[in-house]
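Q: Here are the chains, one letter per residue:
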Amino acid sequence: MSEPVIKIKDLTFTYPAGVTALREINLEINKGEVLAVIGQNGSGKTTLVKHFNGLLKPSRGNVLVNNNNTKKFTTAQLSRTVGYVFQDPDDQIFMSKVYKEIEFGPKNLGLKGSELKRSVKEALEIVGLWDLRRKHPLDLNLNEKKLIAISSIIAMKPEVIILDEPTTGQDHHGVKKVESLINELSRNHTIIVISHNMDLVSRVASRVIVMYDSRILFQGTPKKVFVKNALLNKTYLKPPPIARLAQSIKGFKRDVLTIDEFIDELISNKSRSSKSH
Amino acid sequence: MPRALLISYIDKDSFFHKLNPVTKLVITISVIILIFITKSFIHNLIIFIFIIPFAYYSKLTKQVFMPIKYLFIIFVILFVIQGLFYPFRETVLIQLPYGFAIWTEGLIYASMISSRLLVMLVYGYLFVLTTHPGDLVSALRKLRLPYIFGYIVLATLQIIPRVQSQMATIIEAQKSRGLETKGSIVKRLRAYTPLLGPLFMGSVQNAIERATALEARAFSAKCEKTSYRETIIMKKDKVIMVLTIICLIIFGVTSWLL
Numbered sequence: 040m041s042e043p044v045i046k047i048k049d050l051t052f053t054y055p056a057g058v059t060a061l062r063e064i065n066l067e068i069n070k071g072e073v074l075a076v077i078g079q080n081g082s083g084k085t086t087l088v089k090h091f092n093g094l095l096k097p098s099r100g101n102v103l104v105n106n107n108n109t110k111k112f113t114t115a116q117l118s119r120t121v122g123y124v125f126q127d128p129d130d131q132i133f134m135s136k137v138y139k140e141i142e143f144g145p146k147n148l149g150l151k152g153s154e155l156k157r158s159v160k161e162a163l164e165i166v167g168l169w170d171l172r173r174k175h176p177l178d179l180n181l182n183e184k185k186l187i188a189i190s191s192i193i194a195m196k197p198e199v200i201i202l203d204e205p206t207t208g209q210d211h212h213g214v215k216k217v218e219s220l221i222n223e224l225s226r227n228h229t230i231i232v233i234s235h236n237m238d239l240v241s242r243v244a245s246r247v248i249v250m251y252d253s254r255i256l257f258q259g260t261p262k263k264v265f266v267k268n269a270l271l272n273k274t275y276l277k278p279p280p281i282a283r284l285a286q287s288i289k290g291f292k293r294d295v296l297t298i299d300e301f302i303d304e305l306i307s308n309k310s311r312s313s314k315s316h
Numbered sequence: 045m046p047r048a049l050l051i052s053y054i055d056k057d058s059f060f061h062k063l064n065p066v067t068k069l070v071i072t073i074s075v076i077i078l079i080f081i082t083k084s085f086i087h088n089l090i091i092f093i094f095i096i097p098f099a100y101y102s103k104l105t106k107q108v109f110m111p112i113k114y115l116f117i118i119f120v121i122l123f124v125i126q127g128l129f130y131p132f133r134e135t136v137l138i139q140l141p142y143g144f145a146i147w148t149e150g151l152i153y154a155s156m157i158s159s160r161l162l163v164m165l166v167y168g169y170l171f172v173l174t175t176h177p178g179d180l181v182s183a184l185r186k187l188r189l190p191y192i193f194g195y196i197v198l199a200t201l202q203i204i205p206r207v208q209s210q211m212a213t214i215i216e217a218q219k220s221r222g223l224e225t226k227g228s229i230v231k232r233l234r235a236y237t238p239l240l241g242p243l244f245m246g247s248v249q250n251a252i253e254r255a256t257a258l259e260a261r262a263f264s265a266k267c268e269k270t271s272y273r274e275t276i277i278m279k280k281d282k283v284i285m286v287l288t289i290i291c292l293i294i295f296g297v298t299s300w301l302l
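If you're matching them up, the sequences are chains A and B in order.
In terms of the numbering used here, the first sequence opens at residue 40 and continues consecutively.
In terms of the numbering used here, the second sequence opens at residue 45 and continues consecutively.
No lab work stands behind these hints: they were computed from the structure.
The beta carbon of each residue, even a glycine, is placed where N, CA and C say it ideally should be.
Among chain B residues calculated to face chain A with C-beta under 7 Å, some are:
#1 K219
#2 G222
#3 E224
#4 P242
Facing chain A, according to a computed beta carbon distance under 7 Å, are these residues of chain B, among others:
#5 S220
#6 R221
#7 L223
#8 P238
#9 G241
With these hints in hand, go ahead and build the complete structure from the sequences.
A: Laid out in structure tokens, this is it:
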């Protein structure tokens, strides 16, 4: 087991208006894992991840990032370790050139000269938008703007990258792009992704946590989580379509999550049933 | 969004809440006229203290004073600028080096302006807190004001909380990119520039979308509009309006003669 990057101990959080959004959360996030956080709107997903980079501080309990208590650091200081990509790219884009937008974060961290240039170039190349560097960010389409937002965080080289609903409003191509980007980034980063796209979650996540009513209802690998239909129903979540199809067929394994697995299962199921005849 | 000043209606069961919006508007405007008649800031402070029973009877004693802290910086600037550079200065209060001085007339002028701001803020805020925007629009329409006028008032009241929550999200997004928002005033001012772009663009975009959405629901249709919320001017409203105007005349004249 590798070292945890983020440790959450008995975290309870109440908003100033009096709404308790998190209750007694205990969680460890390990280096290199792709953690998906799923659950209904208002179940506390965003409130939880906002604690990881100090945007919110616990009302009770502690959040430790590399053994540093977030209560003692500002978000700007924690942004070296934990990068947070917001849901709506329009909330953060303010520069008139794409590369200037990407530079903003690294500059805040004190990067200069060739080092700055290199990190901007790398970040734009990972998302495949190096060619658009001289464009005005607001001239780009939503897919590209989202990638700019992600790239602007990558340029800061954080250990952990949080993606808050990276596929909202994206077309099929955009979702595929985000998926391959997560796979690529997970080689060097710990990824935390909030998503309502179960298909994406089932393919990229190494662990899924299901939030319900300000608590973690249960967690496990996608294969373990997406077969617990009774619990999922309680949270109004459903396994990805292909998994539901597999679960509805008699004699199929219940933990089929991808189309490839489905085809394999189809073949082996056929040979099993022909043997029994 | 912690500690933000939210301009919005708070639903409470109180005498003041149940008054017709027009009555409350008459009271608020009367108070504002009164503070421009008065000649001394002490009178304004007395008027300011009168907010306490009003707020108490609206069950909003604490909330109504909340926005005052946002005026503090304006007060400081007023006192410094007027104290040093008031054009009709005559009496030196404190002599400062390099030929500067703090002038009595300037300070009096600053306290006059500040006390007026203070009164307008709390009475205006109490009006907003106790009046449902829908009621206000309906009441204004009953006064035969054009519908669009009511909408402008409504939109203004709604836009502030919306811009504030958008601002909060943008600040969080930029903090996550290493923007430090703590430190000296200069540092903080500089830190807030990256927020203006997204905020401005977002607001313009919102306004356009809102206009489309309104039109899609026949906003500018040329016919008699009905309202979900109905307001009636009752007997108590009439009595209070008359009393308010009598009070305004009495207080106004006394304050002018004193």
